[in-house]
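Residue-level listing of the chains:
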Amino acid sequence: MPDTNAPRLDPGAPPITRIEITGLAKRFGKTVALDGLSLTLEPGVTGLLGPNGAGKTTLLRILATVLAADAGEVRYGGQLAAGPEALHEIRSELGYAPQEPGFYPNFTVFQFIDYLAILKEMTDRRSRQDEVRRVISLVGLDEVAGRPIRKLSGGMRRRTALAQALLGNPTLVVLDEPTAGLDPEQRLRFRELLSKRSPDQIVLLSTHQTEDVTALCQQVIVVDHGRTLFNGAPADLASTGAGRVWISDHAEPTAQLSWIDGLGRHRHVGEPPPGAEITEPTLEDGYLLLVGRHPDAEADGGPNGKAA
Amino acid sequence: MTWHATTDLIETYLDGRLDAARSGSLEQHLLACDDCRHALASASPSDELDALWADLIDSVDRPRHSLVEWLLHRFGVHAHVARLLAATPSLRVSWLAGLILTLAVAVVLSIAADDVGRTPVIFLVITPLLPLLGIAAAYGPALDPAFEISRATSYPSARLFLYRSMAVLVSSVGLSLAASTFVPLAGWDAALWLLPALAATATTVALSTWVAPLRAATISAVGWVTAVSASVIATRTDPGDALDRLVVFRPTGQVVALIVMVVATAVFVVRIDRFDAAQVYLSDPLDIGA
Amino acid sequence: MDTGARRQATDADLLASVADGDRLALRELYERHAPWLVARLRHRCADPTVVHDSVQDTFMAVWKGASGYDGRGDVAAWIWGIGVRRLIGQLRKSPRPTVPLLDHHGDEALLLSAEEQVLISVEHGDLAGALNQLSPELRSVVQATVLDGLTTREASKLLGIPAGTVKTRMMRARIELRGSLA
Chain D
40 MPDTNAPRLD
50 PGAPPITRIE
60 ITGLAKRFGK
70 TVALDGLSLT
80 LEPGVTGLLG
90 PNGAGKTTLL
100 RILATVLAAD
110 AGEVRYGGQL
120 AAGPEALHEI
130 RSELGYAPQE
140 PGFYPNFTVF
150 QFIDYLAILK
160 EMTDRRSRQD
170 EVRRVISLVG
180 LDEVAGRPIR
190 KLSGGMRRRT
200 ALAQALLGNP
210 TLVVLDEPTA
220 GLDPEQRLRF
230 RELLSKRSPD
240 QIVLLSTHQT
250 EDVTALCQQV
260 IVVDHGRTLF
270 NGAPADLAST
280 GAGRVWISDH
290 AEPTAQLSWI
300 DGLGRHRHVG
310 EPPPGAEITE
320 PTLEDGYLLL
330 VGRHPDAEAD
340 GGPNGKAA
Chain B
64 MTWHATTDLI
74 ETYLDGRLDA
84 ARSGSLEQHL
94 LACDDCRHAL
104 ASASPSDELD
114 ALWADLIDSV
124 DRPRHSLVEW
134 LLHRFGVHAH
144 VARLLAATPS
154 LRVSWLAGLI
164 LTLAVAVVLS
174 IAADDVGRTP
184 VIFLVITPLL
194 PLLGIAAAYG
204 PALDPAFEIS
214 RATSYPSARL
224 FLYRSMAVLV
234 SSVGLSLAAS
244 TFVPLAGWDA
254 ALWLLPALAA
264 TATTVALSTW
274 VAPLRAATIS
284 AVGWVTAVSA
294 SVIATRTDPG
304 DALDRLVVFR
314 PTGQVVALIV
324 MVVATAVFVV
334 RIDRFDAAQV
344 YLSDPLDIGA
Chain Y
6 MDTGARRQAT
16 DADLLASVAD
26 GDRLALRELY
36 ERHAPWLVAR
46 LRHRCADPTV
56 VHDSVQDTFM
66 AVWKGASGYD
76 GRGDVAAWIW
86 GIGVRRLIGQ
96 LRKSPRPTVP
106 LLDHHGDEAL
116 LLSAEEQVLI
126 SVEHGDLAGA
136 LNQLSPELRS
146 VVQATVLDGL
156 TTREASKLLG
166 IPAGTVKTRM
176 MRARIELRGS
186 LA
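From first to last, the protein sequence lines stand for chains D, B and Y.
Going by the numbering used here, the residue at position 151 of the first sequence is 190; the numbering climbs one at a time, nothing skipped.
Going by the numbering used here, the residue at position 116 of the second sequence is 179; the numbering climbs one at a time, nothing skipped.
Going by the numbering used here, the residue at position 16 of the third sequence is 21; the numbering climbs one at a time, nothing skipped.
A few of these clues could be false.
Unchecked claim - Computed, partial: chain B to chain Y, Cβ under 10 Å:
| id | residue |
| --- | --- |
| 1 | E90 |
| 2 | A106 |
| 3 | E111 |
Worth flagging that the hints you see were computed from the coordinates, not collected in a lab.
All of these numbers come straight from a predicted model, not from anything done at the bench.
Glycine residues also receive a C-beta, built at the ideal position from the N, C-alpha and C atoms.
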């Protein structure tokens with residue numbers, strides 16, 4: 040996200056310097072999606088890690104002003120998103136790419152992003168289209184810019200959604216599972232893209248995959264059952280597993296979680312028995328200790344029923 | 064390819080100082096030789112070519128105007144607003160075609176009713192519902208696949224909703240007026256649906272500051288149908304023409320419709336700032352995933 | 006296709022990509038062919054705006070109609086066919102046809118090497134000299150019909166003369182050329 044000559048969406052809007060979320064709650068019928076979630080976001084890339092049903096998408100939607108919370112506050116640089124002026128200012132500095140982006144199927148990539156650029160109030164056609172071309176190049180969709188979206192693969196559609204989120208170089212960029220469905224080369228490209236962001240940009244991206252966090256994020260937040268379980272540096276998350284990760288050649292019923300690593304040995308997290316072969320904890324270990332189950336597992340039945 | 068043009072030859076050609084024969088020779092050669100084309104490109108001034116490219120890519124990227132967009136442009140609507148409107152689900156050609164079909168059916172039914180000696184009220188009852196359908200479809204997640212992404216943009220949602228609703232209203236009313244000319248009712252009687260339609264639309268727009276347009280339109284539609292049905296049931300044993308019996312189509316009813324329209328519009332204007340917050344987006348947890 | 010592959014690709018391959026909506030392929034084609042097209046059209050019409058619009062229209066036509074290239078002949082020739090017809094179309098729109106041809110008889114300042122002289126005459130025999138000795142009116146007709154591949158009608162539109170005149174001048178040009186070459 041280079042900040043070269045790209046226009047800020049609304050030059051009059053005050054830049055958002057940090058995001059403070061306190062006590063966010065949201066339920067859908069009987070399902071509790073967010074249960075008093077709090078966190079702070081600073082400039083840089085923050086990874087939102089959590090299993091299916093943890094509440095990540097709900098959180099991102101509320102942050103992107105697409106959904107209203109039942110209770111709690113989100114302050115954008117001290118300001119609440121209440122009332123049309125505040126909403127307008129905040130949305131002028133916001134870029135959002137949902138997990139399942141919807142498109143007008145007959146629109147081409149260029150047309151769709153241009154349409155969103157109009158909705159971002161870039162009224163001058165020439166400069167707007169220059170900006171559209173810029174973000175299309177950024178995500179590597181030049182070759183298919185003229186193609187209708189319905190003819191594109193899922194990964195390319197995601198990149199289209201990502202491109203529109205980058206229009207105007209917004210201060211706050213909210214991305215829901217941006218790396219899902221990307222092949223390794225595209226991930227690398229995504230990493231490069233993120234590395235070009237301007238220093239005051241706040242990027243929040245959700246992911247299932249701990250490798251994304253290790254590679255991309257200065258800050259990681261772990262959520263589950265609608266609550267924050269960890270908020271800090273990736274290295275600190277890893278070190279929460281210190282002394283609680285061990286390897287053996289057989290199953291260990293006392294382990295909290297076990298799996299077979301790439302070398303065919305059993306890796307366990309939890310309370311190690313005496314004499315166990317303790318090993319260096321990875322970020323994934325720290326995460327699993329917190330969450331207690333594998334990220335791709337279906338949400339278990341918590342006290343409030345299936346979390347959304 | 065053994066013969067290639069020298070730099071001198073190319074430069075002389077570009078200056079226009081090369082004689083006709085050798086120009087012709089070079090030009091034929093260029094059709095077949097990539098190296099010499101490249102050499103000519105290097106010798107050509109880049110400003111003009113860059114400017115040309117900028118114009119070209121602008122045209123290439125300029126999205127094709129749909130018919131709706133073109134029409135709007137003709138009516139003096141700003142280019143970018145026309146683009147926003149043209150993306151409205153209920154202004155698409157397919158939707159408008161459906162509208163025309165519905166009107167055609169309503170006209171046919173009224174003619175049929177007239178033929179058997181009954182007053183063709185059916186047309187007057189159906190027509191006010193049409194703009195409501197259009198508004199429900201114009202703004203909201205039901206028919207707009209890009210709704211979620213659009214919500215996060217800074218364009219004032221109330222303005223977008225209003226523009227789209229007005230465009231829908233104009234197209235519905237326009238088509239309905241045209242259809243009215245085929246309805247076998249005397250003079251202005253064929254347009255007795257107009258004030259109820261405007262009233263129902265205004266009500267929908269006003270209610271959208273409390274609930275989503277889809278729900279607002281449903282409420283208005285139900286309200287209208289209820290009013291008409293109640294009127295029909297209450298007067299079914301009364302003698303006389305349906306138009307005279309049903310209060311909604313009598314002068315009193317028309318005045319009431321006018322008042323409703325004015326009041327509802329005022330309500331919307333007063334509550335316009337609450338529109339955005341009223342668009343509660345999701346209610347289905349299965350829709351949410353993680 | 007990455008940049009390197011694009012540079013290496015044949016024109017036909019690039020056209021296939023363009024047919025698929027690849028704007029970068031269009032850019033590559035533009036870089037290869039716009040310079041000579043501009044120059045060649047400038048040699049037929051002195052008005053730079055008309056030439057600019059014609060070239061723009063041409064590449065728009067390439068963008069939209071890339072699938073129309075049937076694979077026969079050079080892509081450059083195909084592009085020329087489009088370009089010269091766009092020029093004619095543009096000239097028709099102007100109230101008066103603009104000056105069609107830069108008249109020139111050769112440049113004393115350009116000294117050809119002996120080798121070049123030999124090569125050129127090998128390519129065209131004495132035709133070059135004979136051609137240069139034709140009057141501008143006859144020469145422009147020969148250029149339009151023989152070199153540019155236009156029909157009589159198209160040539161008449163380009164040069165701003167009636168079709169009958171094109172035919173008579175062509176006949177006279179042939180007689181003169183035969184006479185010179187004999």
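Exercise. Which hints, by number, does the structure contradict?
Worked result: Going through the list in order, the structure violates no hint and respects every one.
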